[in-house]
Amino acid sequence: MTTPKGISAQVFADGLAEMRSAVGADWVFTSQEDLHTYRDFYSVLWDEPDERVASAAVAPASVEEVQAVVRAANARGIPVYPISTGRNLGYGGAAPVYSGSVVIDLKRMNRIIDVDEGNASCLVEPGVSYFDMYRHLQETGSKLWLDVPDPGWGSMVGNALDSGGGYTAAPYRGHFEAQCGIEAVLGDGELFRTGMGALPGSETWQQYKMGIGPSLDGLFRQSSLGVVTKMGFWLFPQPEAYLSASIDLQRFEDVEPLVDLFNELEYGNIFNGMPSITSPVLTRGNPMMFQPVPEPEVMNRMVEETGLPAWRATAGFYGPEKVIRAQWEYMRDRFSAQFQNVTFKENQFVKLPLSAEDMQKVSKARFGVPSLEIFSVGSNGFGDFNPSDGHIWFSAIIPRTGKGLVEANRVMRRECARLGIPLFMFSPAVTCWTRSFVLFAAVPVYKDGRNKELRDNVQEIIRICAQHGWGEYRCPPAFQDAVMDSYSFNNNILRRVNERIKDALDPNGIISAGRYGVWPKHLRGGRG
Amino acid sequence: MSIGRIAWLAVLPVIAGAGLVAVSWAQPAASPRIVPADLPGRQVFERQCAPCHGAGPGDDGAPMLPGTAVLARKYDGSKPGALELRTDLDAEVLRYFVRNGSGGMPMFRKSELTDAQVDAVAAYLAATAAQSDQVPIRK
Chain A
1 MTTPKGISAQ
11 VFADGLAEMR
21 SAVGADWVFT
31 SQEDLHTYRD
41 FYSVLWDEPD
51 ERVASAAVAP
61 ASVEEVQAVV
71 RAANARGIPV
81 YPISTGRNLG
91 YGGAAPVYSG
101 SVVIDLKRMN
111 RIIDVDEGNA
121 SCLVEPGVSY
131 FDMYRHLQET
141 GSKLWLDVPD
151 PGWGSMVGNA
161 LDSGGGYTAA
171 PYRGHFEAQC
181 GIEAVLGDGE
191 LFRTGMGALP
201 GSETWQQYKM
211 GIGPSLDGLF
221 RQSSLGVVTK
231 MGFWLFPQPE
241 AYLSASIDLQ
251 RFEDVEPLVD
261 LFNELEYGNI
271 FNGMPSITSP
281 VLTRGNPMMF
291 QPVPEPEVMN
301 RMVEETGLPA
311 WRATAGFYGP
321 EKVIRAQWEY
331 MRDRFSAQFQ
341 NVTFKENQFV
351 KLPLSAEDMQ
361 KVSKARFGVP
371 SLEIFSVGSN
381 GFGDFNPSDG
391 HIWFSAIIPR
401 TGKGLVEANR
411 VMRRECARLG
421 IPLFMFSPAV
431 TCWTRSFVLF
441 AAVPVYKDGR
451 NKELRDNVQE
461 IIRICAQHGW
471 GEYRCPPAFQ
481 DAVMDSYSFN
491 NNILRRVNER
501 IKDALDPNGI
511 ISAGRYGVWP
521 KHLRGGRG
Chain B
1 MSIGRIAWLA
11 VLPVIAGAGL
21 VAVSWAQPAA
31 SPRIVPADLP
41 GRQVFERQCA
51 PCHGAGPGDD
61 GAPMLPGTAV
71 LARKYDGSKP
81 GALELRTDLD
91 AEVLRYFVRN
101 GSGGMPMFRK
111 SELTDAQVDA
121 VAAYLAATAA
131 QSDQVPIRK
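Sequences listed follow chains A and B, in order.
Quick note: the first sequence uses full-length UniProt numbering, first residue 1, plus one each step.
Quick note: the second sequence uses full-length UniProt numbering, first residue 1, plus one each step.
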């Protein structure tokens, strides 16, 4: 049996025995065959000596069992790494950040504790997947929607804790922002609740996030401070209708006023669906690959020669038909008043709930319907698809301006080309958050030893982005130290404060060592 | 451009965990008739496997779901793409793929699918294939 570094075989065996007595022998896994299923299938370290692997896994079914497992680990200094459903592929999967950790697999904690139709909220355990919740809402005749990522097989809790996002209306797309109330087991086994959950007898845990004093929900986002065992979310009352509509503009120079006006309209609640700004002329042939933005005169000439617009802004609207049609009309008026040669297109209008026929024609995630159909990416003739064994994401926050969009595109495309990074998807500026742009690049990973160069190159891209003030909001474990390093204001005070909190709340440093670059004291020197 | 393709543009950037596999849609000559067997494994299959390996069409107009499509391409007519039409997936074979993954599909843990559930799915697939129309096998 592999033991965690610094833990004797005897101590480890004692710890596992205590965990077995808590959760039952069937739910403690130590065989290589079982531990293989806890590897990150898309790891950039696959089969290399530094691959992050578990020494054991334990699957509790209740809060009390989680507490018992954590206490058993804390008493012996055994590192543990909680996962919810383990489906965070591209960002780490079910594998721990610190090799040798015992994975606490929360998949069996799959209870939907409450759905409050009037409050449009729910309270769930970490093993509840988006599919589980969708099925529950359908079976109970609920009029509530959930907001889903794509694919939808992950955990509502796990996705939110890693800052995942979805595709419906603005208040629900940022999944951590849509949470309301967290329960977590701390490093010493104590049970903690945020917000109104701290007030016994409160009926408002899923209504008011803050409670009293400093708001501590953020302690558990991308965190190493606790094992989250319950989480509340706000759900979206099913709207009457959905409209998707686009605005096309013809000149390079339109991009800055376009983004400014689009921002004003979104921030002013004129539209509430997910915005997208792309360039038909620069994505022709392959909508998955936003080509480098050329100089203005070159791009304008391309527009003339191809007849394709320079820019396309797409907005979504959820609400009563009368309202969203009026909102779209107002948007058209505003763009017509400000731009020449602007054209408009209504892409899609559907009444809700979706009919069976509509369900076959829409992107399900836009309607809160979980799906795995995104697995077919690359199959639709989008051009330079690069077959691989998996992928990772590079996801940098860039300025939400036209200038920022163009500069980030040019720098990233130039540097990825220089380094030979084989992108198979490079996004236009899209975001699930209302106040930011994210530049997404998908990078293929392999299981045949090609990943070393990839890792070096991604590290270089992280450094280059940081020089421009662009930082990743989420990344695979292999890059979490580098990304945290790039948030370097005042001699990395962000990481240092996180370390102080870590030392205070988890003095034995057992929970999720190294997650997002925060290591416990005893591992800090060598960074794990 | 279809609505589905427009949707991809904005859908793609926020995905995490999509197994990206190189497939092109293999158009079935005729849709086979799947008659689901009334066995406990049916619910497990429908919940755990069918979102990718079911026989339904995709929401972007593709005629098959991704797992079904990639298998159809892999076997190029020598075996059905839909698992519910396969007669060669006994429990041992199924368990191998479930526990080891394949291509872009990751492995599944026992906390997600117990061995007994995998066995139940195998029994369901065998019974369903036996009572469903079979895709002609190309020799």
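Hints listed in this document are in silico derivations from the structure and should not be mistaken for laboratory results.
For glycine and all other residues, C-beta sits at the position ideal for the given N, C-alpha and C.
Treat the hints with caution; some may be incorrect.
If you want a taste of the chain A side facing chain B, the calculated C-beta under 10 Å gives, among others [unchecked claim]: (1) Trp27; (2) Thr30; (3) Leu89; (4) Phe176; (5) Tyr267; (6) Glu407; (7) Arg410.
The hints, checked one at a time:
no. : hint   : in the structure
1   : Trp27  : holds, 7 Å
2   : Thr30  : violated, 12 Å
3   : Leu89  : holds, 3 Å
4   : Phe176 : violated, 14 Å
5   : Tyr267 : violated, 19 Å
6   : Glu407 : violated, 18 Å
7   : Arg410 : violated, 18 Å
Hint compliance for this structure: hints 2, 4, 5, 6 and 7 are broken, all remaining hints hold.
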